Each structure stands twice: as structure tokens, then as C-alpha cells.
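Chain A is fixed; fit chain B onto it per the hints.
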Amino acid sequence: DTGVSQDPRHKITKRGQNVTFRCDPISEHNRLYWYRQTLGQGPEFLTYFQNEAQLEKSRLLSDRFSAERPKGSFSTLEIQRTEQGDSAMYLCASSFSERDNEQFFGPGTRLTVL
Amino acid sequence: RKEVEQDPGPFNVPEGATVAFNCTYSNSASQSFFWYRQDCRKEPKLLMSVYSSGNEDGRFTAQLNRASQYISLLIRDSKLSDSATYLCVVPDVLDSNYQLIWGAGTKLIIKP
Chain A
801 DTGVSQDPRH KITKRGQNVT FRCDPISEHN RLYWYRQTLG QGPEFLTYFQ
851 NEAQLEKSRL LSDRFSAERP KGSFSTLEIQ RTEQGDSAMY LCASSFSERD
901 NEQFFGPGTR LTVL
Chain B
258 RKEVEQDPGP FNVPEGATVA FNCTYSNSAS QSFFWYRQDC RKEPKLLMSV
308 YSSGNEDGRF TAQLNRASQY ISLLIRDSKL SDSATYLCVV PDVLDSNYQL
358 IWGAGTKLII KP
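Sequence order for the protein chains is A and B. Each residue of the first sequence is one higher than the one before, starting from 801 at the first, in the numbering used here. Each residue of the second sequence is one higher than the one before, starting from 258 at the first, in the numbering used here.
With the rest of the complex left out, here is chain A (with noise of 0.2 Å):
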């Protein structure tokens, strides 16, 4: 399977608690990007990445998110003390810089906050 990956798929965590997912992108995709998807929404952009430089961060993203890549190849999305809105799929996505718009997805993590 050569496409984008995701780690875990589902993930139950209390309040409080520290959460970790992974991505693996498409191996020839320098841009890797992390949404959140909340039921009946369209996803949020979070953070994107060019090789290992994280170069936008939304002006929403709490203190408590922070995103690495730091060979340039998997991503992981931490989130510290965790809060039941949190709770979400979170995607992640990449593509060619060249065609940097067109994006492919994984299947997402979803995270439940009790």
C-alpha cells in the first residue's frame, strides 16, 4: 500500500492524558499536512510541513498541539492534557510541491476524550 498511513486508527484517552498519532505519507511527497474533522464539518487546518521545516501553524492551535517531522518523512501530532474537545478525527494529508493542492489522505486517527 503506497499510500498515506495513520497510527493509530482509534485511540480512547481520559482528560488529562498525553496522545501521540503518527503519519507515514506518500514516500515522494515533501509536503505533509495535520487537520482536525469534527462530525458535519469540514476538516480545520492545524500544521503543515515542507521536508522537516513546519511552515504554517493555524493561529487556533492551542498551546497544547505541537507537530514534528523531523527526517522529513513521518509525522507525529502530540497532544498534551488532553480535554473532551478534543475529541475529533484528525487527518493527515500530502502531496507534491509542485502540485501542492491536490492532497491525499489518510484514513485518520480518532480520538475520543472521556
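Calculated directly from the structure, the hints in this document are not laboratory data. Just so you know, not all the hints are guaranteed correct.
As the list claims (entries may be wrong) - 16 Å max Cα-Cα, derived EDC-like pairs, lysine to aspartate or glutamate:
1. A:Lys857 x B:Asp349
2. B:Lys299 x A:Glu856
3. B:Lys302 x A:Glu868
4. A:Lys811 x A:Asp886
5. A:Lys857 x A:Glu868
6. A:Lys811 x A:Glu868
Since the structure is predicted, the reported quantities are computational estimates derived from the model, not experimental observations.
Positioned in the frame of chain A, the structure of chain B alone reads:
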């Protein structure tokens, strides 16, 4: 003020009919637009890109009206498999070219 607006639907349409829905955007500087399809509990997938006045791919036609700042998606001879949520996407060209602004989607239900 929402930057990308869509009618959430649902649009209930009989199989074989033609259906169209619009998406309005606020950023007049946007040059490219996209329709993504999202099936229930699945990830979004690119359906069509619109870089000029419009684009056509089989039963699907996307049209851009820059004067009124909306794009439309027309589906002809609708199939049961067309049932999905259709998301309108507009790049944010004010701050960067890499952030996409997503509409909330229009839900389409094709009935036999």
C-alpha cells in the same frame, strides 16, 4: 464570517437525476478551487480541480463564477454510489498558498 460556505443539505435525489450545488467564497484573490468527496467515516478524496472557468470529467462538471464568487458542481445521471458529502476547498492566498479553507460540505443522498 465564513470564508467558504456550502448548503449542508442533505440533497435527496432520485437515481438518474441531475443535481447541482454551489459553494460561495469570500477571498476574491483565489485562483484555484477544488471539490473533494468524502464518504461516511472515510477520508476526503479529490474529485475535481478548477483553475479557470470550469472543468468537466464524465458526469461531473465544475463551473466557476468569479464575478459572483461561487463555484458549482453538477452531477448528471446520478448513481447510488454518488451518495457522499461534497466538500468545497479554496486556498487561503492572503497568508500563504498552502492553507486550504474547507467548506463544511454538502451531503448528497441518491435514492433508488
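How the hints compare with the structure:
1. Distance hint between A:Lys857 and B:Asp349 is fulfilled; the C-alpha atoms sit about 13 Å from each other, no more than 16 Å.
2. For a cut-off of 16 Å, the pair hint linking B:Lys299 to A:Glu856 is broken: about 25 Å separates their Cα positions.
3. The straight-line distance between the Cα atoms of B:Lys302 and A:Glu868 is roughly 25 Å, outside the 16 Å bound, and the hint therefore fails.
4. For a cut-off of 16 Å, the pair hint linking A:Lys811 to A:Asp886 stands: about 12 Å separates their Cα positions.
5. For the hint pairing A:Lys857 with A:Glu868, the CA-to-CA distance comes to about 12 Å; that is within 16 Å, so the pair holds.
6. Taking the CA atoms of A:Lys811 and A:Glu868, the gap is about 19 Å. The hint is violated against a cut of 16 Å.
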